[in-house]
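Colleague: Chains as they are written, first to last, in the working numbering: chain D, 145 to 420; chain B, 145 to 420; chain G, 145 to 420; chain E, 145 to 420.
The set of hints was computed from the structure by calculation and includes no laboratory data.
Check the hints yourself; a few may be wrong.
Treat identical chains as interchangeable: a pair holds within one or across any two.
Unchecked claim - Lysine-lysine pairs mimicking DSSO-like chemistry, simulated, CA-CA at most 30 angstroms apart:
1) K323 x K277
2) K404 x K158
3) K378 x K157
4) K221 x K369
5) K323 x K160
6) K410 x K378
7) K160 x K415
8) K306 x K378
9) K157 x K415
10) K377 x K277
11) K415 x K369
12) K415 x K323
13) K306 x K404
14) K221 x K279
15) K415 x K158
16) K410 x K158
17) K378 x K160
18) K323 x K221
There are 4 protein chains.
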Amino acid sequence: MDGNPTWLYQLSKKGKLCIPAMNVNDSVTKQKFDNLYCCKESIVDGLKRTTDVMFGGKQVVVCGYGEVGKGSCAALKALGAIVYVTEVDPICALQACMDGFRVITLTEIIRQVDMVITCTGNRNIVGREHFDKMKSGCIVCNMGHSNTEIDLVNVLRTTELKWQRVRPHVDHIVWPDGKRVILLAEGRLLNLSCSTVPSFVLSITATTQALALIELYNAPDGRYKQDIYLLPKKMDEYVASLHLPTFDAHLTELTDDQAKYLGISKYGPFKPNYYR
Amino acid sequence: MDGNPTWLYQLSKKGKLCIPAMNVNDSVTKQKFDNLYCCKESIVDGLKRTTDVMFGGKQVVVCGYGEVGKGSCAALKALGAIVYVTEVDPICALQACMDGFRVITLTEIIRQVDMVITCTGNRNIVGREHFDKMKSGCIVCNMGHSNTEIDLVNVLRTTELKWQRVRPHVDHIVWPDGKRVILLAEGRLLNLSCSTVPSFVLSITATTQALALIELYNAPDGRYKQDIYLLPKKMDEYVASLHLPTFDAHLTELTDDQAKYLGISKYGPFKPNYYR
Amino acid sequence: MDGNPTWLYQLSKKGKLCIPAMNVNDSVTKQKFDNLYCCKESIVDGLKRTTDVMFGGKQVVVCGYGEVGKGSCAALKALGAIVYVTEVDPICALQACMDGFRVITLTEIIRQVDMVITCTGNRNIVGREHFDKMKSGCIVCNMGHSNTEIDLVNVLRTTELKWQRVRPHVDHIVWPDGKRVILLAEGRLLNLSCSTVPSFVLSITATTQALALIELYNAPDGRYKQDIYLLPKKMDEYVASLHLPTFDAHLTELTDDQAKYLGISKYGPFKPNYYR
Amino acid sequence: MDGNPTWLYQLSKKGKLCIPAMNVNDSVTKQKFDNLYCCKESIVDGLKRTTDVMFGGKQVVVCGYGEVGKGSCAALKALGAIVYVTEVDPICALQACMDGFRVITLTEIIRQVDMVITCTGNRNIVGREHFDKMKSGCIVCNMGHSNTEIDLVNVLRTTELKWQRVRPHVDHIVWPDGKRVILLAEGRLLNLSCSTVPSFVLSITATTQALALIELYNAPDGRYKQDIYLLPKKMDEYVASLHLPTFDAHLTELTDDQAKYLGISKYGPFKPNYYR
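Isolated chain D (complex conformation) (with noise of 0.2 angstroms):
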């Protein structure tokens, strides 16, 4: 389930990719419906099987501003909490600005905050040193990509840190003080550990993942060569199409005059490539 291509690219660069590959990861319904759009519904989702927090009022910083973070965000901000964002990247720092969340580093904001949710597909974003201000109650939790985000076993499994389980997927760190963090399925992703994921997303998912691979097959010799393809911009208008049923929506038909003032076919594709 976890679709971060950069292993793709690295093994690609290194020469050591051979067969081709298509990075689904960042076609367009993938990324916005399993990235944005499922994760503004599990953060909350996952929150609240694990702790029964309260969202009202509550101080949270978001660690990137990629569609998983902007998922995270709007759904948090949504349901009455204050949102704080870290970001490495000056468009979506931008991005955060514009959609209101101030941007700040980890350092300056921990101190304040109940949560903090990393969502960077990076890795030790949270260190000892945030670990260390954290107000006491705080929880953290993981939505990037696997477990790396937080670096447990340097950071967290020393000897004067007492760790209590206090129900599946929760963990009470202790300080030595008596100060308690409460981290969530230790680190690793929050949305696939302790939420559920919709069926509808995941049809999504698995239709462009079949459409990908029923093209890599059929694809006449010499289409692909060893290296990573996104998936057509007509597929993904296909799967696309397939689910709007769901919603009862209703799509407008080009005529043949306003399809050619586009110059584009009236059945699509509809937007270029590069389009999200």
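Knowing the structure of chain D, use the given hints to seat chains B, G and E on it.
Modeller: Frame of chain D, contents of chains B, G and E only:
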């Protein structure tokens, strides 16, 4: 200001492009700021200045759920309007559904709406058959591009309809039975005709355009051919970083270890070119 | 927990109230926190835990737009649902309109919705004629009070409908043609049966109730007769002030000059008793 | 238009009220529509028309979280501003927290905000010590009542500060070091001076006032003494019902059985008088 690059690609397809060109419109900063964020501000501003309309409880149909449509819908919904969306592209349609908008055809909804807003970049979106079904008092405006979305000449410039200019940019079009439709800016762009554009957004657009020109001018021979290019990601990020101090935003810097893990430079570009 | 004071006023009307009583339910803190804010949290929690439903794009009808309905609608809309409201009270109906919800009768909308949520404090809101028109898969639950909003015995406990318990608090009710309606908690309160109530909200409610009892006990003879009273505003404000440190909220203090201008004490009460 | 009834109650306390009066300002329709919903619309309109300010990413402090403050905060947050609240009343402060706003004193936050909006109904909210700490370019305006919230004469009408009228309703106040603060409408009500008021809201207010006058005129001798009364709930509901057709809203009618269960008439009043 109207950055739609359709004609540029049509020129290129016909082999009539005689110099390298940058499609600045589809750079991330331009797309998100000039289109999404700017329209989110100016749809509200433009409608208020021209019509003093109250948004609460109003039923609105927005044609097109690209960046302009997304921004317009978000603002109108946030201020209490009930918003419906029309779309031709199933991906954008599915996004509209997930964002909480009914996707429906114009013909189905036209009788009950208080406002019609076109954001398609296409032409002849609102035809005479739609105008004839509108309620008296319905407001019609265009946020899309140029002035083709509403076909004035064939549709509204007819002898049986009377035009009354009630104030600058506001025409009442009067049907023989007394019904009035309120047309803004004669179907030209509302955001450019009837609202101000934030200087911040102009600064982003202008910076993007200036950097693109500098890049084209300075590039070594052979880097760019007679083709259309997207702005290099690195420059897009540079534009964003120049605008962060406005919001007192504090970027986080990658550690060497993190940059290595991601396989990127500490100083960007941080995302692949197709990322939005 | 169900604080509806209707029966108390009926008792009083009949002259059967033999001691003074405080209608704590209608104190501001109780109304807003136990009803509005708490339900905003628990509607999401209760639906996720029982059904794993995705909110994005779902069509929902909420019956009743009092505090409970307002909280439920706000949360569902914020998470991407399309929400319709039914109301009997024109003031609440007008508020729903201004907040961006279509006000409609249950009969008009029942065929197209994915969820029905009752928040009326009344009875027999969803009748057999509504159940018969629902789509297969429609979820029905009660956020209102007691278990009267859905008349189970006369409506769903009939021989031609089969009940299947699919997990705790979740019944599928199966029509002869195979249609399934998903009933939660057998029509009892979803927020109490299937979600947790934030301890913060319980603390507010319990503090309000304790202060009311202390006031009744300590009051000098004659202050309270055999009647129903609202909690004195001053105590209501005291309850709130005790809970502000949770959010690290910093109150502003009136200057002597400002208090004099307003004609109130610097230490409250700050609003007239009817203020909400 | 400024309906603050403080002076009316002060008159009554002093025994100087010589006729019966209705406090129309605190009827539900007036409170919610003229104050909450109207200000939600006009804060956006007033700021755009005077300053063309972009809301996205702006830091704003709103002084006072009554109905006017609630409406202003909701609109600004919805359009991407980061909003802080100051309050004297712990109940309103707690509501601000739950709605996702940091509650803080003006002195703590004044250095970092881009806008200061007063909504208190009190006086001398923004003092010289605050003005001196503002950033250059900070916008200051009043949504509260009359023009007392900002003490111009003692605070800004001093010799070392230069006033520059840059357009109607917009003054730059220039500090000796060149810092400029942008004062709107000389501290008078922004919503009345610089934005239009929706005719719908005026209709509600006027209907409420007319009905109150008719009631006072028609009432049998003895119904009203030389005191201040709230509008009878039934009339408040009538005002609302007259305005529902604007939104094509369809009320549900109570059945006889339901009305009996609730102990009320089928035709209202539907709520106790103190309900808001």
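Colleague: Pop the pair K221 and K279 into one bin, within, between, both or neither, using alpha-carbon distances up to 30 angstroms.
Modeller: Classified as both: same-chain Cα gap 21 angstroms, cross-chain 27 angstroms, threshold 30 angstroms.
Colleague: Under a CA distance limit of 30 angstroms, which applies to K306 and K378: within one copy, between copies, both, or neither?
Modeller: Close neither inside one copy (54 angstroms) nor across copies (45 angstroms); limit 30 angstroms.
Colleague: Is it within a copy, between copies, both, or neither that the alpha carbon of K323 lies no farther than 30 angstroms from that of K160?
Modeller: neither (48 angstroms within a copy, 53 angstroms between copies)
Colleague: Between the shortest in-copy and the shortest cross-copy C-alpha distance, which are at most 30 angstroms for K410 and K378: within, between, both, or neither?
Modeller: For K410 and K378, the Cα distance is within 30 angstroms only inside one copy (12 angstroms; across copies 35 angstroms).
Colleague: When Cα atoms must be at most 30 angstroms apart, do K404 and K158 count as within-copy, between-copy, both, or neither?
Modeller: The answer is between: 14 angstroms across copies meets 30 angstroms, while 44 angstroms in one copy does not.
Colleague: When no copy is specified for K378 and K157, does a C-alpha distance of 30 angstroms or less occur within a copy, between copies, both, or neither?
Modeller: For K378 and K157, the Cα distance is within 30 angstroms both inside one copy (27 angstroms) and across copies (20 angstroms).
Colleague: From the Cα coordinates, with 30 angstroms as the cut-off, is the pair K323 and K277 best called within, between, both, or neither?
Modeller: This pair counts as within: shortest intra-copy Cα distance 10 angstroms, inter-copy 37 angstroms.
Colleague: Can you give me the call for K160 and K415, within, between, both or neither, at a CA distance of at most 30 angstroms?
Modeller: between (32 angstroms within a copy, 22 angstroms between copies)
Colleague: Evaluate K410 and K158 at a C-alpha cut-off of 30 angstroms and name the case that applies: within, between, both or neither.
Modeller: Between. Shortest inter-copy distance 20 angstroms satisfies the 30 angstroms Cα cut-off; intra-copy 41 angstroms does not.
Colleague: With 30 angstroms as the alpha-carbon cut-off, assign the pair K377 and K277 to within, between, both or neither.
Modeller: Neither way: K377 and K277 sit 47 angstroms apart in one copy and 36 angstroms across, limit 30 angstroms.
Colleague: Should K306 paired with K404 be assigned to within, between, both, or neither, using CA atoms and 30 angstroms as the limit?
Modeller: neither (68 angstroms within a copy, 32 angstroms between copies)
Colleague: At most 30 angstroms between alpha carbons: which applies to K157 and K415, within, between, both or neither?
Modeller: both (29 angstroms within a copy, 16 angstroms between copies)
Hint compliance for this structure: hints 4, 5, 8, 10, 12, 13 are not met, and every other hint is.
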